[in-house]
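> Chain by chain, the residues run as shown.
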Amino acid sequence: MLILGIESATSQVGVAVGGHEGVLASAHSARDRRHAENLTPQIRFVCEQARVELSEIGCVAVDIGPGLFTGLRVGIASAMAVAHGLGVPMIGVSSLDLGAFAVEHSRRLIVPCYDARRGEVFAAQYRSVPGGVQRVSDPTVATPDELAAELMAMSEDILMVGDGSERYRDVFGTISHIEFAGTSLQYPSARSLVELSHPKALREEFVAPNEIVPMYLRLPDAEINWKTRASA
Amino acid sequence: MTKRELILGIETSCDETAAAVVANGHDVLSNVVSSQIDIHARYGGVVPEVASRAHVEMMTPVIAQAMVEAGVDKDDIDAIACTVGPGLIGSLLIGVSSAKALSLVWDKPFVAVNHLEAHLYSSFLEEPDLELPVVVLLVSGGHTMLILMEGHGQYRLLGQTLDDAAGEAYDKVARYLGLGYPGGPIIDKMAMDGDPHAITFPRAMVKDGYDFSFSGLKTSVVNYVRKNPDVADVDVAASFQEAVVDVLLTKARRAVKEFGATGLCLAGGVAANSSLRERTLDLAIEDGINGFVPSRSMCTDNAAMIAAAGWWRYHSDGPASLDHGADSSLRFPSYA
Ligand SMILES: [Zn+2]
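Protein chains in written order, with my numbering: chain A, 1 to 232; chain B, 1001 to 1336.
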């Protein structure tokens, strides 16, 4: 089955297409956060490069976040429309899963960490298991200092991946048992998305387009204020 | 008979997720609007982040419903038209992304539509043979514009608000009086039980030019209520509304005369206001011009008007590129 992967949770926007032969074509761009402008042409380009007709796509995989809200939604809305338009099911994958998957063979505790802006990061903990990675903590949004304190208290070696760990290297870099995957893996990729979704597609772990739920991890400010006022 | 061309229209510029199928720019086959008013009411106004989240949830089901209600499938659609601005950027992007993605997978032309221009086309949905030139009074929560429409795509912006939009003034006055949100329908309803001549609020700039100003009116309502705490809310509502409608229609009427227009059209959310509608029809009879007041559901944001404007734009400009983005401050396409 051919999978179209759409990923736009960070400063990067990417599309890949592939299946049991692996990834057939992919494109990623990260300049000026032109997610909405770039995404549809990227889908067309990637399918042309892979010599895949859109009608051959059997499922649409999408990064559901956490990530930067506006860009993230461009990817999710586009992916839902493609799936709906083609009448195919979807697979939703977290950006944190994609980050961990990119370093799946590490024997360290894997901590994907993406820049959430406003002085915060999105993060979760993963372990390498046969055939992939397994999440061992809930995805959270936290300040780099809060996350650093949590990681500092852990006795095992840690591998951090993602633009959040790069941006706050001055905070995490002081902890001796942390290593960094580096800038080449700082964004979740559409390639990883297609690779990670393939076994899920074989197991038919599908959802309908209207069942995709974005993982925001943060309430809108207005809702936070309203709840505070309501409980006061 | 010429071929029937079907446009799928998509609109997400503010807090309505909407999709519609319209034939030949005026024949509405379906018009689905999912309103978020209830979601935003507790915040006293539209919250952009909340709106964007709701659009993502509703967009695909709303499109699906518009297709089903129209009894068409993708092969029947000739083009997909979508609002690209102005509006809330996070909201616009949901519609634009969905429309472009559908346009790619269904292999249909994508048509970029200006939301303000689309409001003008709400009149053509019910009156396809509307005789031009007409003066259009476009009044909504975000805009107050007086436009001379000389032909399709040919507009002259005669004037607009220098501060608050008319709908904004309604919301602010309603909030001050503690009446709730949205202010327009609430004040409209209360005004029916009040005396519009109880209080004489100022009619700002009523004599000069075609521009509007509503922030002074809002201030004088606040001051009046502060000085006269026992005044009946219904009288304040009726007198405030009377002042707004007076200014809007005095200028619109003058524009019709000056430019020799055949009629006056209302457009935009505030055009759902009962007093504005009644008085527009009255003055049309008095002045011997055509008064056109679209049905309420066509005045507020909807996708049928996007499909209608999209049909004209498609024929005049052709399709837009798939790397088109959204522009939150897109300007009205006026040549003057
Ligand atoms: Zn509008």
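A few of these clues could be false.
In silico DMTMM-like links for lysine to aspartate or glutamate, alpha-carbon gap of 25 Å or less [claimed, not checked]:
| no. | chain 1 | residue 1 | chain 2 | residue 2 |
| --- | --- | --- | --- | --- |
| 1 | B | K1172 | A | D221 |
| 2 | B | K1074 | A | E48 |
| 3 | B | K1074 | A | D221 |
Hints in this document: simulated from the structure, not taken from any laboratory.
> For each hint, tell me whether it holds in the structure or not.
Hint-by-hint comparison with the structure:
Under the criterion of a C-alpha separation no larger than 25 Å, the hint pairing K1172 (chain B) with D221 (chain A) is consistent with the structure, at around 21 Å. Restraint check: the Cα-Cα separation between K1074 (chain B) and E48 (chain A) comes to about 22 Å, which is no more than 25 Å; the hinted pair holds. For a cut-off of 25 Å, the pair hint linking K1074 (chain B) to D221 (chain A) is broken: about 39 Å separates their Cα positions.
Checked against the numbered hints above, the structure violates only hint 3.
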